[in-house]
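> Residue strings, one per chain:
Protein chains: 4
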Amino acid sequence: MQTFNYIGLAGRLSTQKAQLTTHKLIDFLRKNDVEVIISKELSELLNRTDVPSGDDHFLGTHCDLVIVVGGDGSMLGAARAMVDYGVPLLGVNRGRLGFLTDIMPKEIEEKVLDVLNGDYISEQRFMLEMVAQRDGEAFGHGHALNDIVLHPGRHVRMIEFELYVDGEFVYSQSSDGLIVSTPTGSTAYALSGGGPLMHSSLDAIGLIPLNAHSLTSRPIVISGNSEIRLLLGDKSTTIMHVTCDGQIYQRARPNDEILIRKKEQQLTLIHPSDHNYYETCRRKLGWGKHLTEQSEED
Amino acid sequence: MQTFNYIGLAGRLSTQKAQLTTHKLIDFLRKNDVEVIISKELSELLNRTDVPSGDDHFLGTHCDLVIVVGGDGSMLGAARAMVDYGVPLLGVNRGRLGFLTDIMPKEIEEKVLDVLNGDYISEQRFMLEMVAQRDGEAFGHGHALNDIVLHPGRHVRMIEFELYVDGEFVYSQSSDGLIVSTPTGSTAYALSGGGPLMHSSLDAIGLIPLNAHSLTSRPIVISGNSEIRLLLGDKSTTIMHVTCDGQIYQRARPNDEILIRKKEQQLTLIHPSDHNYYETCRRKLGWGKHLTEQSEED
Amino acid sequence: MQTFNYIGLAGRLSTQKAQLTTHKLIDFLRKNDVEVIISKELSELLNRTDVPSGDDHFLGTHCDLVIVVGGDGSMLGAARAMVDYGVPLLGVNRGRLGFLTDIMPKEIEEKVLDVLNGDYISEQRFMLEMVAQRDGEAFGHGHALNDIVLHPGRHVRMIEFELYVDGEFVYSQSSDGLIVSTPTGSTAYALSGGGPLMHSSLDAIGLIPLNAHSLTSRPIVISGNSEIRLLLGDKSTTIMHVTCDGQIYQRARPNDEILIRKKEQQLTLIHPSDHNYYETCRRKLGWGKHLTEQSEED
Amino acid sequence: MQTFNYIGLAGRLSTQKAQLTTHKLIDFLRKNDVEVIISKELSELLNRTDVPSGDDHFLGTHCDLVIVVGGDGSMLGAARAMVDYGVPLLGVNRGRLGFLTDIMPKEIEEKVLDVLNGDYISEQRFMLEMVAQRDGEAFGHGHALNDIVLHPGRHVRMIEFELYVDGEFVYSQSSDGLIVSTPTGSTAYALSGGGPLMHSSLDAIGLIPLNAHSLTSRPIVISGNSEIRLLLGDKSTTIMHVTCDGQIYQRARPNDEILIRKKEQQLTLIHPSDHNYYETCRRKLGWGKHLTEQSEED
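Protein chains in written order, with my numbering: chain W, -19 to 278; chain R, -19 to 278; chain F, -19 to 278; chain L, -19 to 278.
So here's chain W without its partners, still in its complex pose (with noise of 0.2 Å):
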């Protein structure tokens, strides 16, 4: 197991509670000889002038794992911005279990001893990365955990194109947009869409189609090391959007082709070593519990 030394802290802290929770941890990892690195937004909003403090390429060649404090969604940008420099991700929620988030705030201390003390489990998760084109020149670039998703950026509900996997047509349609999720995204905004759970460890895409038209135009699970292109079409004239983990949008036109494809960087999770991915869902989604620890009913 890897040790950690340097290590960075980011996430949002929207209440007096989380920022208590973080003065807490930074204060824990320093009496526990670990040089801690802060965000730049976390410093200011913290008010500590004696921590080092940094922006993302800071942190992400300086420090060797980062937590993130806040929501999944945190995560998620926070996965954006370290993914290249293979720096490992550590994630503490503020009261609230997420599928990224896996630590509880009361249990912090606990946790991340463990991890220092190296009884933890790394998990790999691979990105998507996105190229948009117009007229065979790459206009826009981004990279999801989660999902990259096209949709019509206004009020004109259906939009057209085609979707091609590995270079080979598979079909046209006419739909409020399509998810293009990995496993992670899987319990996501692609749960919503009506798309299969996909275990994490699948090495798979899911194409979840939003609302389609045709009522056959049903989710699809391929290989993880599938290409993808989008086509759209020219019948509407309005800007569509694509957007990565639903926090970055990239504007496109008619006739632009979206390519998708496995993002060759992995991100590193840290778990805790009593993690259970099941569990998680059980616990997010109220999937039953065992049997036997069912109360009487009808």
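Mixed in with the good hints there might be a few duds.
Copies of the same chain look alike in the list, so a pair counts if it works inside one copy or between any two.
[What the hints assert, rightly or not] The calculated BS3-like cross-link candidates involving lysine-lysine, where the alpha carbons are at most 27 Å apart (straight line), are: (1) -3 <-> 11; (2) 269 <-> 86; (3) 243 <-> 269; (4) 269 <-> -3; (5) 264 <-> 86; (6) 11 <-> 242; (7) 4 <-> 20.
No lab work stands behind these hints, which were simulated from the structure alone.
Starting from the structure of chain W, add chains R, F and L where the hints point.
Positioned in the frame of chain W, the structure of chains R, F and L alone reads:
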């Protein structure tokens, strides 16, 4: 049966063929002693200075029937324009059967003659009306034959709102929006969104969440006389949209209220006498024919 | 408001606790000058020789209210048994809120006293009746509060049938069967099968295909006064089943006809006066509460 | 490319036309110097005493290719019968394109000649194997190309079971059963049950609940190398069924365990060289063609 002496013509004619069809229809109607009035748009497009033309108000006040040449989308526009004048509509498609345009171009003279002779089916369809309120003041109005839809105007995915029916709180929801659909609209966008088909004669309204975050937010069917209130959440700062039939939209902001209910004035649809609702469904949706008509299969 | 002087008690009491609750309820009712009659099953189970008991017919003809202790399943049985006698039902659950049993054990005396004092809500729910015909002869009958379901009786998956509504052919279908559901049943099996929730006051029937071979066979909502006819296909030679509320079943064969329509006699449900349909949905289905009540999240 | 000198013929020929097709195919193969062996069933049906015939074992040990005339159902049976002999299969349909039978009767000689000349595509498809255990003892075995399905054998709707994947508890479920599907089966029953389409080359298994009581029990896609264990609940006393490809079934009881995993021996499918997976999907599922090929619509 009512007889039709003043017939308006409206629609969208994107092809030479559709224009030719309309020229022939005008001549056919006149040959049958009908006073024909065409819309301003058709007048310009067809260059028929020999035929009186007028705007929606003129058609609405002078015609006792309006024939719409186009797709279902053209019918939706005509319905919103004509409903307050109480003028019935008859739909002619441009080569592909619609749910609302059920006369095929090649049978147009035969079917229209039947209608002139009083051999037709007349059907009432209710519409929805919408009022958008801010701080208790109405700032937007609209009405729709198919659906009134709340959705995010731009790239932000999820919006938050509370739903009330007849004054009772139903649920709060985080989703891509909500479709409020008439039975007429249940074969359109609502069906793509996972809603049930509602028979055109049913006095009911469908509430269909769009990609709801919670998997238990499911389509609800309520009485056609229900009053629906959407209270937009103040979490997101974005501009939302409320669309009528996907064609007209109204911007809305957090804390605005959207009130939706059945419009008092109903729309009259005229169908050829061999019109059959379920047959249209079978043809448009590809439902199974009689078992005895099916080809052999394993 | 009607007052209740002769109250029947029925239900299924699988635990000591539920039996104790029922003993206390009997004593409480008697203390309040109510004549109590218990079902044969309860009489044996509780060994209450001091309380008159009788079969369904006796309860139906002597009681002006029947209180059912149990789950929704117990209520379904009581509904089918009592509907023809016009006796209203009041449901007490055994620790977990049901859609039909909306009094919790701990509040039983308070709520029942309210009902005795005339402080209650009375609601009509329609039921479905079914006739199975072979060669024009009826060979089976049934009725149901939730649903009447056609499905294959054994391991053969797919069955074939034609669906007619009010004499009109709707479609033929190859599937695992069809749920014909009342609004009451729309929160039960029909919901699991992908049907919409229908408000309990809606005069409508839901037709929900079970795993239809064709992806375009979708739930349909039709008028509550519709007559439904299922014509079983002759392709498969298996014995099919037609179930009422999932509790009673009738065998059927290829070429049999199943006729389903609203039962003339309706069921009266008695609710505590604070009963709220949508609140039950929120609690049973986990729908979102008021936005202001939600805990913070990212 | 392998050349085929000993070719078996199997299938179901329900029409005169299909029999004629098969007679011609036999003669065509012999004219091309192929040794033809027909199944016992075909031998009786066609009354071809001039052609050697044999049972599954004989075909499996003597043939280097088996051509199946019939529908996808016939191919499933042949797959289960031939997989352990390692004999590849080629499918000829009887007039309607199947997912597995992709040669049309009218093109049979042309396509089969191509295959004989080595001009074909060879594809591996994995199958599932199942062991049913009671008190630690295996009492039932099976294997399937499409799916292994747990469902109630009779009229009782809901069954209860616990799902484990690779030894980890996933969830308990109350439902009409569970489909465990290969990518090959993802276009069959699994699709009707709401599962995603999985590309035929994907190394993954789909777990699709049938009408689950909890609306959050959704399809899950896991690694093709996963070991699945279903532990049947002891609540219901009914006999359940475990079916292989919907054709063979095994009874099971409460507390039995069903173990399912990838079968070691894979199946080889032979396709004409112009075979295209997505084109078959487009034709069978009615997916949209190229946008430029679509007819005008509103």
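> Hint by hint, work out which the structure violates, then give me just those numbers in ascending order.
3 and 6
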